[in-house]
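Could you build the full structure based on these sequences and the hints that come with them?
Protein chains in written order, with the working numbering: chain A, 1 to 232; chain B, 233 to 329.
None of these hints come from the bench; they were simulated from the model.
Take every hint as true, because none was put in to throw you off.
Quick list of in silico lysine-lysine cross-link-like pairs, DSSO-like style, CA-CA up to 30 Å: (1) A:Lys99 / A:Lys121; (2) A:Lys99 / A:Lys9; (3) A:Lys124 / B:Lys258; (4) A:Lys99 / B:Lys258; (5) B:Lys258 / A:Lys121.
Simulated restraints, written as ranges between beta carbons of each label pair: (6) A:Leu98 / B:Leu301: 36 to 46 Å; (7) A:Asp155 / B:Leu329: 10 to 20 Å; (8) A:Glu126 / B:Ile239: 31 to 41 Å; (9) B:Ser328 / A:Arg94: 36 to 46 Å; (10) A:Thr66 / B:Phe254: 25 to 35 Å; (11) A:Thr66 / B:Asn312: 36 to 46 Å; (12) B:Met233 / A:Leu161: 28 to 38 Å; (13) A:Lys124 / B:Leu329: 44 to 54 Å; (14) B:Val305 / A:Leu12: 18 to 28 Å.
None of the values given here were measured: they were computed from a predicted structure.
Note that CB positions come from ideal geometry on N, CA and C, so glycine has one too.
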Amino acid sequence: MNSILMIRKGLLTGLPIMLGYLPVAITYGVLAKQAGMSLTELTLMSVLVFAGASQFMAVNMIAVGTGALEIIIATFVLNFRHFVMSLSFMNQLRDFSLKWKVPLSMGLTDESFAVSALNPKEAKMEKGAFFYGTIIVIAYLSWIFGSFLGGLLGDVIPEKLSQSMGIALYAMFIGLLVPSIKRERRVAVIALFAMLINALCIQLGMSTGWAIVAGTIIGGMSGIHLLKEDRR
Amino acid sequence: MIILIIIGMSLVTMLPRVLPAFIVEKMQFRPWLNRWLGAIPYAALGALIFPGILSVNPEEPHLGIFGGLVAVVLAFAGLNVVLVVIGAIVTVFILSL
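This is the structure:
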């Protein structure tokens with residue numbers, strides 16, 4: 001009973017990810033097909049890699065004939081930020097058994113992390129693992145299904161609309177961040193600081209992947225001080 | 233060849249994701265480190281939003297900014313995330329017509 005309630009809650013909370021993922025995944029499917037990947041290959045990549053930005057990058061690199069090792073290293077660099085996010089997420093889920101932590105960590109993406117981390121209450125609840133599990137399963141299935149659809153049907157969404165849908169994931173991030181800021185103003189300082197560091201690193205010529213890592217780690221550092229008073 | 237790339241990519245994305253599950257299992261963190269990790273979601277959101285949002289349409293960065301501003305206003309008004317997302321999509325769509 002309790003777990004069904006958690007799954008339902010997870011479905012509602014994970015809905016924005018589905019909305020954001022479908023158009024992006026379809027676009028990925030279309031581009032991957034154009035780059036010469038078969039439907040099986042491009043879907044398999046979504047099943048086994050499940051990391052949007054690096055899949056787009058890989059498709060571009062495959063299209064221009066880049067070597068395998070170079071693609072794999074670039075993927076590692078771009079996704080290293082997930083290590084930082086996962087460390088934060090797993091610390092939030094400290095009370096869960098390893099049996100839950102491992103599969104939940106494997107489904108971590110920018111989006112599933114953002115949604116899960118900003119819903120920390122369930123980590124302390126009985127059967128809370130079903131809540132996070134549902135969010136991740138929705139994200140995963142939307143990503144795979146969208147990729148397959150894009151590869152199968154090609155551009156099913158009119159170009160003007162799919163381009164406009166590029167804002168979806170950013171809007172979701174904003175929609176998640178703002179309520180936290182309303183509750184606690186210091187959150188805004190942390191986020192703005194991270195944006196600044198990220199922008200600065202990109203100006204200095206760092207790659208997107210490392211700039212996000214730097215922004216997240218250094219921006220988060222401001223929280224060591226800023227979140228101190230919360231404890232009492 | 234592509235299969236090899238996919239398997240390699242899979243391994244290098246899985247490892248950084250899974251490793252923390254075992255680290256957390258083995259270690260207790262000092263309070264300052266817990267606060268740092270607690271701030272990571274907000275910092276990550278900040279870093280994911282900006283400057284990436286400018287590249288929603290790389291030729292017209294203002295589209296991303298306007299879409300983002302609408303999202304901020306709707307979110308401050310207390311709307312559900314789904315509505316915030318739809319509002320931003322509609323804004324960018326109308327502006328790009």
